[in-house]
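Student: Sequence:
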Amino acid sequence: MFQTLKNAWKIPELKNKLLFTLLIIVLYRLGSALYLPWVDQNALNSWFNAQGGNALGWLNLLSGGALSRATLFALSVSPYITASIVIQLLTIAIPKFEQWSKEGESGRKKLSAITRWVTVVLALVTAIGYTMYIANMGMLSQSNFFVKLVLVFCYCAGAALIMWLAEQINEFGIGNGISVILFANIISRLPAMAGSLWSRCFGSGANELGSKLSGWSLYVVGGLLFLLFIAILLVFTVLVVWFSNSERRIPVQYAKRVVGRKMYGGQSSTLPIKLDMAGVMPIIFASSIVSIPSTIAGFFPGRAWADWINDYLGYTSFPYIAIYLILIVAFAYFYIMISFNPVEVANNLRSNGGAVPGIRPGRPTVDYITKILNRITLLGALFLIVLSGVPMIVNAIWYAIDGVGIQDLAFSGSSLLIVVGVALETFRELEAQMTLRNYKGFLD
0 MFQTLKNAWK
10 IPELKNKLLF
20 TLLIIVLYRL
30 GSALYLPWVD
40 QNALNSWFNA
50 QGGNALGWLN
60 LLSGGALSRA
70 TLFALSVSPY
80 ITASIVIQLL
90 TIAIPKFEQW
100 SKEGESGRKK
110 LSAITRWVTV
120 VLALVTAIGY
130 TMYIANMGML
140 SQSNFFVKLV
150 LVFCYCAGAA
160 LIMWLAEQIN
170 EFGIGNGISV
180 ILFANIISRL
190 PAMAGSLWSR
200 CFGSGANELG
210 SKLSGWSLYV
220 VGGLLFLLFI
230 AILLVFTVLV
240 VWFSNSERRI
250 PVQYAKRVVG
260 RKMYGGQSST
270 LPIKLDMAGV
280 MPIIFASSIV
290 SIPSTIAGFF
300 PGRAWADWIN
310 DYLGYTSFPY
320 IAIYLILIVA
330 FAYFYIMISF
340 NPVEVANNLR
350 SNGGAVPGIR
360 PGRPTVDYIT
370 KILNRITLLG
380 ALFLIVLSGV
390 PMIVNAIWYA
400 IDGVGIQDLA
410 FSGSSLLIVV
420 GVALETFREL
430 EAQMTLRNYK
440 GFLD
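Mapping to numbering that gives the first Met the number 0: the sequence shown position 52 is 51, numbers consecutive.
Hints are computed from structural coordinates only; laboratory data are not their basis. Beta carbons are placed, not taken as given, at the ideal position from N, Cα and C, and that holds for glycine. Incorrect hints may have been included.
[Claimed, not checked] The calculated label-pair distances, taken between Cβ atoms and stated as ranges, are:
#, residue 1, residue 2, range
1, F145, A230, 51 to 57 Å
2, W241, K109, 37 to 43 Å
3, I392, I337, 28 to 34 Å
4, N346, P271, 47 to 53 Å
5, I288, V240, 37 to 43 Å
6, A32, Q252, 56 to 62 Å
7, R28, N351, 43 to 49 Å
8, I325, N351, 35 to 41 Å
9, F145, I186, 32 to 38 Å
[Said to hold, decoys possible] In silico DSS-like links for lysine-lysine, alpha-carbon gap of 25 Å or less:
#, residue 1, residue 2
10, K273, K101
11, K273, K147
12, K108, K16
13, K109, K95
14, K95, K108
15, K255, K273
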């Protein structure tokens, strides 16, 4: 990885792309630090810390903490990600969208334009809801119509500007723009997470563990816990890298064809199917659905039913974790079902003269690919369960011991998957551009 960066830095074209990407990230982080007027930052931040792992906590993580600080880029990439998911789902339901998705570059441009408009609409709806909520909670120094209108326009403008910055990375930089910005957001939360973890390990504040231990024993136990978490993080990182690069290769044999005096085909190839084909999408779907009750309860503090939901369906409760893990499996199969079509793959193989050895073309090939896909999806879902479930279970046990959980720890598994996935994908693109440049130079 470091060697790839070193080699890319020696190439002027790639060096300029890397510098441009870093410039966009710096501009984005500056926008994330621009506080909006009339908002009580301390009250808003305290409220977010008290809410825990509801939907707003997940959105705050994706925004790099900008949502809890009410900055210009508070909405971050969430509207664009949601719009992309909606358009992807509609591609299956609307024939016109499906036709555009198969038209190549022109069709993708049409879908991208629709995605932008949907992003603006979602940003407007989210901005109105968020502004009205913080106004009703008394977190605005002034609460007239003009103040609310300015805040809504600022949030929407920030979301549109983020979308434009991401597109600039796509055109002039390295990697996928939205993914790179999301990567920067999560990385920016690492110091806060490390500080919270250090505080919990050494029992500062209202930590029950700290009150039971004193002197050198507190530092020994705290130090061992901190080192244990670092070791687990490193092991999970290695597992994510290994799993992200793993794939199931289905052998394919192409028939020989005689065209004129030449013979074509007769080659052996493989059909690769990645183990993490669904990526982080099942986690995003599951966390959004399971956190709806606690998010609604957060809007009605002090109510009996809201307290019951926070106790039994909060992110530190085991029913919440159980439902969350079940939804990960369900959404893993759902996402694969809408993103991978075994019938289309089998038809493409048949039209190109390819076949799986020992499997007849047509329906038997479809059934064979479907069977392998179901097994791989199950393995991927189990991996996501371990990756997301272990930090949440540890955080729930910690909360049961000292009464104070770490919100970022509960989301650390999914965050790690996003960070490692984006890093690997970006370096693959960097290596591909380096290889393309070398081949171009050879041909010239």
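Student: A separate judgement is required for each hint: does it hold in the structure or not?
Tutor: Quick rundown of the hints versus the structure:
1. F145 / A230: 51 to 57 Å: This hint holds: roughly 54 Å between Cβ atoms.
2. W241 / K109: 37 to 43 Å: holds (38 Å)
3. I392 / I337: 28 to 34 Å: holds (30 Å)
4. N346 / P271: 47 to 53 Å: violated (18 Å)
5. I288 / V240: 37 to 43 Å: This hint is violated: roughly 29 Å between Cβ atoms.
6. A32 / Q252: 56 to 62 Å: holds (58 Å)
7. R28 / N351: 43 to 49 Å: holds (47 Å)
8. I325 / N351: 35 to 41 Å: holds (40 Å)
9. F145 / I186: 32 to 38 Å: Given range 32 to 38 Å: holds, Cβ gap about 37 Å.
10. K273 / K101: holds (22 Å)
11. K273 / K147: The hint is violated at about 47 Å.
12. K108 / K16: With Cα atoms ~23 Å apart, K108 and K16 stay inside 25 Å; holds.
13. K109 / K95: holds (11 Å)
14. K95 / K108: Distance of about 14 Å is within 25 Å: holds.
15. K255 / K273: Violated, because 28 Å separates the two Cα atoms, which is more than 25 Å.
Hints 4, 5, 11, 15 from the list above are not met by this structure, while the remaining hints are.
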